[in-house]
Structures are given as structure tokens and as C-alpha cells.
Amino acid sequence: MADVTIAAGKSPHSHSPDGEYHSYLENTGKHRGILAWILSTDHKRIGILYLISIFTFFAVGVVLGFLMRLEMLVPGPAGKIFNAQEYNALFTLHGVIMVFLFVIPGIPATLGNFFLPIQIGAKDVAFPRLNLLSWYLYITGAIVIMMSMFWHGLPDTGWTFYVPYSIRTGTDVTMAVFGVFILGFSSILTGLNFLTTIHRLRAPGMSFFRMPLFVWALYATAWIQVIATPVLAITLLLIVIERVFSVGIFNPTLGGDPVLYQHLFWIYSHPAVYIMILPPMGVVSEIVTTFSHRSVFGYKMIAMSSLAIAFIGYLVWGHHMFVAGETQTAQFVFSLLTFLVAIPSGIKVFNWVATMYKGSIDPQPPFLFLMAFIILFAIGGLTGLVLGSLATDVHLTGTYFVVGHFHYIIFGGAVFIFFGALHYWLPKMFGRMYGKKTANWALGILFVGFNMLYFPMLLLGYEGMPRRYFAYLPKYETLQHISMVGSWVLVIGLIIMFVNLIHGIFRGEKCGPNPWGGTTLEWTIPSPPPLENFEEIPIVTNEPYYHPEAEPIKAEPIPVAK
Amino acid sequence: MSEITESNAEVLGHAHEEHAHRDDVGAKMGMWIFLLTELLLFTGLFLVYAVYRYYYTKEFHEAGMQTHILFGTVNTMVLLTSSLTMVLSIAAIQRGKKWLSATFLSSTILLGLAFLIIKYVEWSEEIAKGIYPGSPTLLAKSNGEVLFFGLYYTMTGLHAIHVIAGMTILIFMLVFILRNKITKDNYTKLENAGLYWHLVDIIWIFLFPLFYLIN
Amino acid sequence: MKSPEPDRGMPGQESKTHEEPISYGLYLLIWLSLIALTATTVAVAGINLAAFALVVALLIAVTKASLVVNYFMHIKFEDRIFKVFIGIAGFTIFVIYALTFSDVYFRR
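Residue numbers (the numbering used here), protein chains in the order written: chain A, 1 to 562; chain B, 1001 to 1215; chain C, 2001 to 2108.
The set of hints was computed from the structure by calculation and includes no laboratory data. Hints may contain errors.
Said to hold, decoys possible - Quick list of in silico lysine to any residue cross-link-like pairs, SDA-like style, CA-CA up to 25 Å: (1) K1184(B) to I2075(C); (2) K1189(B) to R2107(C); (3) K1119(B) to V2044(C); (4) K437(A) to L337(A); (5) K1098(B) to L2028(C); (6) K2083(C) to K1119(B); (7) K1119(B) to L237(A); (8) K2083(C) to R1022(B); (9) K30(A) to E1038(B); (10) K1181(B) to V499(A); (11) K2083(C) to K1098(B).
These numbers come from a predicted model, not from an experiment.
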């Protein structure tokens, strides 16, 4: 990584008269080689460390998911690749890795780390060393989770670690849970850092309502990370305590209440869904305005809807427990509240569409990823409504329908936009452009593969195929096979996309500071960005997304600062 | 990879120094956000307590009779006093009185130690009575009482860990004061350490009535 | 690197603490109140208040905590944003309790 060659930027940097500047990719500190990266407190380098580690685990998670689909080659139980216990371990590890090691740190830790300070006109985050520490905690947590493999066997509880099974199983739940506990700390430190950075380090003139919407999304996300994660931490700690000391807190034979565990778990884990989806929504706002060449429609509404989603996200956790023995009162309350989330989400989608209206749309790869996102996210959202309604949920919960819905939201929604964001910002991060045509092909293959993989799951679930079963009835065979082939197509798409991106990073054409015509601060500095982002801290005088060449939304141009 | 010249390194190094400016309010803000996460951590435990107390009101009442009010009360006083010496230590450093500040801070650390010793004696007595998680004596009791003592050990234990963590931080602060790293003009570290110590105090303020005063 | 206060946030925000030190006497006074409240809560616990016992104990605990937060932890003298932060956390805690009990309360 340290050997990336430097692309010269267009804008001059003050220190040398000949227009040269020092990009963050150059080694300027006292360390060399890999140490210059893993000991660096530069937010950009940490972002890249996260990017590498997160996508490494993503690759592991993809392989596990691929194997799970391959398991469905024959209905079984005879002639299976993995036995039931191994399959349980597979889906647990797939879930734990994808949720806790990939999607939750996801965009905030990687692109957030890289672009949040730049977008608000700061040189770094508020606590650079804490930022590095959070990466080390991430790695430690990941290693601890992996260690469970070599101890008493992989956990087989599913990523939710539901009691009482998780306190009884002989597999190494303690280690895995403790690993997730450490990851929680990493997440908290990132959130804490972002909140303080946004409050303290905005450039002069960068008022809250001049911040890019990506920053707003990260702000809302950071609050969830900070406020919700500790509840998960204590819940997981209680499992460890329960397993080691058997104090009885969640053990029904000692009077404990397993449903209470589910409450505590979802008090974190529902808001965690918004940790996953809010940053992508922020990215969408960036991409949509850049490629429509037009100021975003309803800026304040989008910003506020991020906060609203973060808040409402706290009110709905009970909808994961409709069939868990929750009282009818709670079912009613949580079902009703669940529908509220649709309001701010709808506000966002309408505003994005309104932004495109009369814009001059440039269908570059990031924009096409956004289009794919809107379709997949809409399917995910609609199936979510089906699950949020009490009566239909009773039929569909615990089936493939839930699995399909979840992947449409998280993979089709969050992760597709994560990919889109990579296509949007990698040229900025490395100063080089990937092959755009290949990127479009990769997206097409991904889109086809994705729908082949997950749409049959919705149908399977509707027909009653339960999730987490390693065998199935012969009548499900056709759909299971379509889904399996879909996983192959999806993996091919992923490989093409990553090869294209990585090739672009090292060998792509140099692309200059602003290949897309973006208007936020990161596009005003050279690519790759200089060591401390700004030679001089910018003074911000207008709203974000000011496109002077576009047909204005209002009669007069957007007003400047009062 | 292009190497840079020494003079450039100097320039960049200088930039780094300037970059590492002080933002006391920012530091305090970060600390407060951290404290809120600690608060939420204990909120989870208090929620568990509340639910089980609601389920097993009578049993919690009976079990609460068995904890030592005296130990609990004395420990409350000890922690409150340690909080006082903590703020006095900050007040002293604000006025530039290094040794007074160090003395107050040492008292805080010692009071923390006293708290732990009393806690130790208290737990030992409970354990001597046969009340500890998984013990036959405890398992013979009703479910509600098992849960009460389970929570008693979990919550006071976790609190004690926080006291130990707080003391460790304060010992570092003491060293900083003695080495003039914390001074009249630069005492945010000490303030933040103090904030943490007070949070530990506040958690105890709530633990105390819930475990010792429900007869 | 020419700007005098490179990373300062909004204009007008002070980045270093300039606060009047609080007097030793005020701290002592707060401490005395805390000790007095502790004595009160122990004394009250001896009286049989039935259902109110918990309410009274918690009210006293909240009073003590707010003394610590406001004076020992200086919140009374901090920027408004600190109070907003605490408000956010407090409100979240309230929501968590209320919604959990929307289930638990009806389950017994």
C-alpha cells in the first residue's frame, strides 16, 4: 500500500513554488514502510487502513455466504457438503463478520474518516490518536472473534446470540461475544471522534446548515453509535458473565427472562440498522446532486430527516420480537411506531428525485449505482412494511423472507451505495480513475446476480422455507438453485468490480482534482489530497451544492451568508 | 515512492506541531460524550434491575434486607468525599497551588482505595454466608433472590472495576502534576479525569438506594 | 499555515478554558448537602413508606446526582451544547425504559 506512486495534483501547494505538494500517500514521518501506515494518525491513512481491513473481512464474509448457497445444491440431509452443525457455524460467522466487521464500521470508518474532516474544512479529526486506537480495537476485536475458531469451536447461535441457547451451547460464544464487545468500543470511539470533530473543527463560515449532507448523515450516525452501542456492550457482557459465573440474569431456570435479552439486544441492534443505512443515504445525497449538476432539493429536510431517522430508530426495536412472547400492547405500539420510519425515509427519496428533476444528469458509474440502490432499496423497504405489519409478520418471520428483506436493505441498500461511494471518491483518494465501462458492466452483473440470489428468497419465505435450515423440502429445489446460481453471478460481479477499482488505483489514468464537477470542499483540493488537506483553512461563504451553471431551483441564485 | 528532502520534512513537521493545537472545550466535549456512553452502559443494567424488581417485588424486598446498610452508607460517604477532594484538587491547580492539588488528588486516590477495601470486606462477608453466584445456599432461595444477588454482584462488581479504572487514571494525573505536565494553564486532563471520577460517584449514588435501602 | 487559529470552529467559539475558578467554600457546601441527603435517604429508608419508598429514594438520588453534575462536574457553567448532549442521553434513557415497560408492564 505504501508504494502507491504519487499523482501530481493540479493546484499548487504553498511550500514549493513549482506547484508540487506532498500528498498523504508520501511518507513524511519518521516511520517507513508498513509502520508509516499503522502508526499514522492521519485521518486519511486511517481511513485507508479501515478500507483494507473492512474489505478483507467482506471477502471472508462473501466466501462464507457463497458456501452457504452452495450447501443448497441438494435438498439433503443426505449428500450435503457441510453437516448441520457446520452450517450453523457458517451462518453465525457470516452474520457476525458481515454485520459487526463490515457493515457497521462500513462507510463511517472508511470514507467517513477520510472525507468528514475534508468536507468541513478541517485538517484532521478532533482526536487523531483516538482514531488510530479505534482501528486497533477493530483489529483486536476481529482477531478475538477469529480465535473462537480454534478454542471450543465456532459459535452456532446466529449473529444475534439469543439466550438461553447462547448461555448453554458448548461452542465458544464467550470469545465471539467478547470480540464483538471490543468492536463496540471501536465504534463508540469513531462516533465520539466524529461528534467532537463536527462540533469543534468546522472551518470559518461552515455553519451546521452549510455542511454537506454526508456530514449530516455521519453526525446522526455518530449519535447512534455513541448512545446505542453501550447497551449492546452491556448485554454481551451479561452473556459472558452468565456463561462464566451463571448469575441467572437471562437463565429461565433461575427466574431470568430471555425476552428481556431480546429487548436489550434490539435496543442496540435496531438503531444499528440505521448506523448501516444513514451514511449511505448521506452518500446518495452527495452523488445525486453532483451528477444532476444541480443544488440538492430540500437541503434542510434531508438533513433533518437524518436526525429524525436516528431518533425514530430508537422507538421501533420491538418489531423484531412480535413472535417472541411480547405482549399485545407492545406489539401494537411497536408496529405503529415502525410505520413512522417511512416518513423521513420517504422525504429523502422524494428530495433526491426532485433534485434530479430538470437537472442535467450525467450517468457516470456512481450515479448508476445510485439507480440500482433506489430499485433494490425500494424492494427492501416494501418487504419491510410487510414484516412490520403484525399479521403478515407472524406468517413470514423466521423464514427466508426475512433473510431476503434484510439483504435487500443492507446489501442492496447500504452496500451497493458503499460501492457507489467507492466509485465516487476513489479517484479523489488516489488521483486515478478506474475503467468506467468495466465499472458499468460490473454493476450490471452485480444487479442481475443480486436479484437472482435474493428475490427467490422472498418467494421461498412466502412459501414457508424457514431460515437457518441446512436442508430443505424437494419442492423448494428450483428456487434454491436459482438463488445459488445468483450467488455465482454476484461473486463474478464483485470480482470484476474490485479488480477494476484496484487496477484503477494503481494504473488508472490521472484524473485531476475534480473529475465529476462536485462542489463540496473535497473537490477544491488536489487529488490525492495533501498531507493536511488544506494549505489554508478555507472560508466558507455559501451553501453546499452550489452549481452556478445549473438552472436554479429558485428564481434567484442561492443566497450567500448573512 | 518519492522521498522528500530534509527541509521539507521540517516544514511538514512544523505543520504537525501547529496542527496539534489545544482545544480544551473539544477535549471536554469528547470526555462528556464518553461519559454518556458509560451512562448508557449502566442504563442497560439498571433496566434489567427495574424489570426484575417489577417481576419479583417481594423477593427483592427480602433479599435487600440482607445487604449491609452500614457498609453501603459508609461507602457512599467515602465516595462523596473523594469527589469533594477531586474538585478541590482542580480548584487548587486553577490557583496554581501544585502541592495542595497533589495532596487533594492523593486523598481522592486513597479514598477510592478505602472504598474498594470496604467493598472487599462486604463481599467477603456475603461470600462467607454462602451467598455468591451459583452457590448452593443462594440456589436454595427463591428465583427473585437469586436474581437480586446476581445483579448485586454484577452491578457493584462492574462499578468496582470502574473505580479501579478511575484510580489508575488519577494516579497518572498525580504523576503529571508532579512532573508539571498539568499546570495552572493546562489542567484539562485533570478536569476530564475528575469528570470520570464523578460519573463513577453518580452511578454509586443510584446503586446505593437500590441495593441497600429497600427494606 | 497562515491562519492564526487554524482549526477553530465557528467564529466566537473559545477554544481554551477561561473560567472563574469556583470557590472552595461552594464545593464544601455542596459536599455537606450531599452528605446530608445521604443521611436523609438512610433515615427515610427506616420508615415504612410502602410504594413511595422507591420514589423517595430515587428522588433523593436524582437530587444528589444533579448536585454532582451541576457543581462538581461544572455543567451549570458550561456551554449550552453540553446540556443538550445530556438531554439527548437522558431522553434516550427515558424512551428505552418507557418502551421496554410497554411490554414488561403487561406481561406479569
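Do the hints match the structure? See the list:
| no. | hint | verdict |
| --- | --- | --- |
| 1 | K1184(B) to I2075(C) | holds (21 Å) |
| 2 | K1189(B) to R2107(C) | violated (48 Å) |
| 3 | K1119(B) to V2044(C) | holds (24 Å) |
| 4 | K437(A) to L337(A) | violated (44 Å) |
| 5 | K1098(B) to L2028(C) | holds (20 Å) |
| 6 | K2083(C) to K1119(B) | violated (33 Å) |
| 7 | K1119(B) to L237(A) | holds (22 Å) |
| 8 | K2083(C) to R1022(B) | holds (23 Å) |
| 9 | K30(A) to E1038(B) | violated (37 Å) |
| 10 | K1181(B) to V499(A) | violated (51 Å) |
| 11 | K2083(C) to K1098(B) | violated (31 Å) |
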